[in-house]
Amino acid sequence: MSSDALDRYHIAILAELQRDARQSNAELAQRVGLSAAPTWRRVKWLEEQGYITGYRAELDRRKIGLGVLAFVRVDTERSAATATKALEDEIRRLPEVIACHYISGAGTFELQVMATDLDAFSRFSINTLLKLPNVKDIHTSFSLGEVKAGGALPLAHLAD
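Under UniProt numbering, residues 1 to 160 are what the sequence shown spells out, in order.
If you're looking for bench data, these hints aren't it; they were derived computationally from the structure. Small disclaimer: the values here were computed from a predicted structure and weren't measured. Errors might be hidden in some of the hints.
[Said to hold, decoys possible] No more than 25 angstroms apart at the CA atoms, straight line, and that leaves these computed lysine-lysine pairs for DSS-like: (1) K131 - K85; (2) K148 - K85; (3) K148 - K63.
[As the list claims (entries may be wrong)] Have a look at the derived ranges for each label pair, beta carbon to beta carbon: (4) T53 - A26: 20 to 28 angstroms; (5) Q49 - L94: 26 to 34 angstroms; (6) Q23 - A156: 38 to 46 angstroms; (7) Q49 - D89: 44 to 52 angstroms; (8) D89 - L155: 42 to 50 angstroms; (9) V147 - G50: 29 to 37 angstroms.
Built from N, CA and C at the ideal position, the CB exists for glycine as well.
Given the sequences, and given the hints that come with them, work out the whole structure.
Quick look at the structure:
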């Protein structure tokens with residue numbers, strides 16, 4: 001199989017695994033309309049090609065005591081690429097930061113940060129975020145409620 005050859009079975013496997021990655025290979029095979037052996041080979045190929053990058057449990061953040069979800073825009077000083085790389089490396093090491101993106105417009109990075117409560121977030125922002133290399137300022141918005149989270153990636157464009 002070539003690395004760009006996703007057929008309807010690959011797409012169905014990706015959709016099913018996004019829906020429930022814990023299902024057995026036999027269940028997956030039945031749901032996508034293949035026998036078990038070719039389904040297993042296709043899953044392995046999707047993993048090897050990097051389409052599937054891992055498997056994990058989706059946790060309820062509130063049940064584990066993470067009541068605050070903050071969106072933090074980080075403004076950086078204009079400087080060399082080495083300073084930006086150092087900042088990226090530090091951000092990757094912070095378990096409170098669950099996602100980080102380069103952004104267009106104002107700011108350099110947009111972080112998603114989890115904390116137990118507002119006091120914990122305040123300590124984290126003052127004692128950690130503002131002390132990161134090359135950080136000039138931070139601007140924070142808080143989630144007031146989730147409408148949709150942990151959604152599966154859209155796959156309809158692959159079938160075209």
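query = Which numbered hints are broken by the structure, listed smallest first?
reply = Checked against the structure, the hints that fail are numbers 2, 6, 7, 8, while the rest are satisfied.
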